[in-house]
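This is what each chain is made of:
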Amino acid sequence: MRNESANVPKRAAALISGGLDSMLAAKVVLDQGVDVEGVNFFTGFCVEGHTHAIRKKDRSRQKRNNALWVAEQLGIKLHIVDVIDEYKDIVLNPKHGYGANLNPCLDCKIFMVNKALTEDVLDRGFDFVITGEVIGQRPKSQRADTMPVIARESGADDRLLRPLCALNLPPTLPERKGWVDRDKLFGFHGRDRKPQMALAESFGFSDYAQPAGGCCFLTDERYAGKLADLWEARGERDYDFDDIMLLKVGRHIRPAPHYKLIVGREEGENNFLSGYRRRFVHLDTVSHAGPLTLIDGEPTDADLVLAARIAARYSQGRTAAAVSVNVHHPSGDSTELQVEPMLPTDLEPAWHIGG
Amino acid sequence: MNGPTTRLDARGLLCPLPVIRTQDKIRKLKIGDVLEVVATDPGVLHDIPAWCRVHGHRLLVSEQRADDFRFHIEVS
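From first to last, the protein sequence lines are chains F and R.
Position 242, counted from 1, in the first sequence is what our numbering calls 242; the numbers after and before it change by one each time, with no gaps.
Position 57, counted from 1, in the second sequence is what our numbering calls 57; the numbers after and before it change by one each time, with no gaps.
Treat the hints with care, as some may be off.
[Unchecked claim] Reference listing, derived: stretches of chain R covered by chain F, where coverage requires no fewer than 3 residues with Cβ under 8 Å from a Cβ of chain F:
1. 3-11
2. 50-57
[Said to hold, decoys possible] Quick list of in silico lysine-lysine cross-link-like pairs, DSS-like style, CA-CA up to 27 Å:
3. F:LYS115 <-> R:LYS25
4. R:LYS28 <-> F:LYS77
5. R:LYS25 <-> F:LYS77
6. R:LYS25 <-> F:LYS88
7. R:LYS30 <-> F:LYS77
8. R:LYS28 <-> F:LYS115
9. F:LYS140 <-> F:LYS248
10. R:LYS25 <-> F:LYS177
No lab work stands behind these hints, which were simulated from the structure alone.
Since the structure is predicted, the reported quantities are computational estimates derived from the model, not experimental observations.
Note that CB positions come from ideal geometry on N, CA and C, so glycine has one too.
The task is simple: from the sequences and hints, build the whole structure.
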């Protein structure tokens, strides 16, 4: 943290998610002459990027990184920080618990503000941290009673400025010191997005990201269901990066506690899953075009027959009397099975993980 | 044009990891050094030029090849 010499231009780290609120918050402070740099944290659960790159149907969509795009619009630097490993402790042991799904939003915000304070990405130090939080915007982390918790537990205390709702909070150090003019900050509250949209319009921002499901997979009910299933099946709450990537891809079907299938839904997903072929038993259909299927767990020979019937059900031979399916083992051995594709009515709804 | 002094193989990584690895590599280089990045995620076609623009680095080469994408970035 920098000293408070009045003659040194003030410098702030802005948490930039790529969404509108953090963009506006940074802009409001930037326009007051503060030197602002953006920080974006990659947790591994970010919705942006990966899934767009994996699924062929999404490949026609714009593939920009919204945090980078925001930084470019604002004319500020952006530091993207890999926190995949450190973030595990937040997901596995959230002091303040989870939101509606496995989203540890309050602990996450505390972690990110603290990280922006302590991370050595901003070479010259900084004077305060900016977030785009708005009181009442989110039921778990953005409430009047959680705002001081984030400031206190992150270690930022009164060096944490929320420009969009500052007028609903006590003056922070940057306001008291005159580094920013409190009269030019805002008193937004609640879930109404109109004030932010009006402010965006006043800045001339018309093209900004508004992800309907938020920017984190942990807020997604289906994804959270798959992560909870993973923990239950393994008998421990843990994950690695490949685990959480694979949860974003394919149909996850668990016919028995000791194994599950990950069935590619289209060409892009099949290509992605093929990168894991050497680590998993995997199936591909030979007689008909079909998905690549990974088997996670310890399937018996009978399980592999059932798995092959499920894979055949998602192939173009789904109505055929028999489908040839190759079973490949990580050792390099492979076996060809002739199976009857499973009827949709025989595929237990409860086997579909995450609903 | 200066040739690359350092190389980064980001093939197989999905965005934003190629950008993060590029950023981490460039932090260790000095002004004038040229980094070659090779990646396979199509997102890099947008992200690496954007990252270079916001940090003021010169993108000398941006090339789509048969199986990957190649960039040369001069540290500024």
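We went through each hint and held it up to the structure:
1. Counting residues of the segment 3-11 of chain R whose CB lies closer than 8 Å to any CB of chain F gives 0, which falls below the minimum of 3, so the coverage claim is violated.
2. Requiring three or more residues with a Cβ within less than 8 Å of a Cβ of chain F, the coverage given for the segment 50-57 of chain R holds, as 5 such residues are present.
3. With a C-alpha separation of about 20 Å, the suggested pairing of LYS115 (chain F) with LYS25 (chain R) holds against the 27 Å cut-off.
4. At most 27 Å may separate the alpha-carbon atoms for a hinted pair to count; LYS28 (chain R) and LYS77 (chain F) meet this at roughly 17 Å.
5. Pair hint LYS25 (chain R) plus LYS77 (chain F) holds up; C-alpha atoms about 16 Å apart against a cutoff of 27 Å.
6. Annotation: proposed proximity of LYS25 (chain R) to LYS88 (chain F) holds, straight-line Cα distance about 24 Å (limit 27 Å).
7. For the hint pairing LYS30 (chain R) with LYS77 (chain F), the CA-to-CA distance comes to about 18 Å; that is within 27 Å, so the pair holds.
8. Distance hint between LYS28 (chain R) and LYS115 (chain F) is fulfilled; the C-alpha atoms sit about 21 Å from each other, no more than 27 Å.
9. With a CA separation close to 24 Å, the supplied pair LYS140 (chain F) and LYS248 (chain F) stays within the 27 Å bound.
10. Between the alpha carbons of LYS25 (chain R) and LYS177 (chain F) the distance comes to roughly 37 Å, so the proposed pair goes past 27 Å and is violated.
Against the hints set out earlier in the document, violations occur for numbers 1 and 10.
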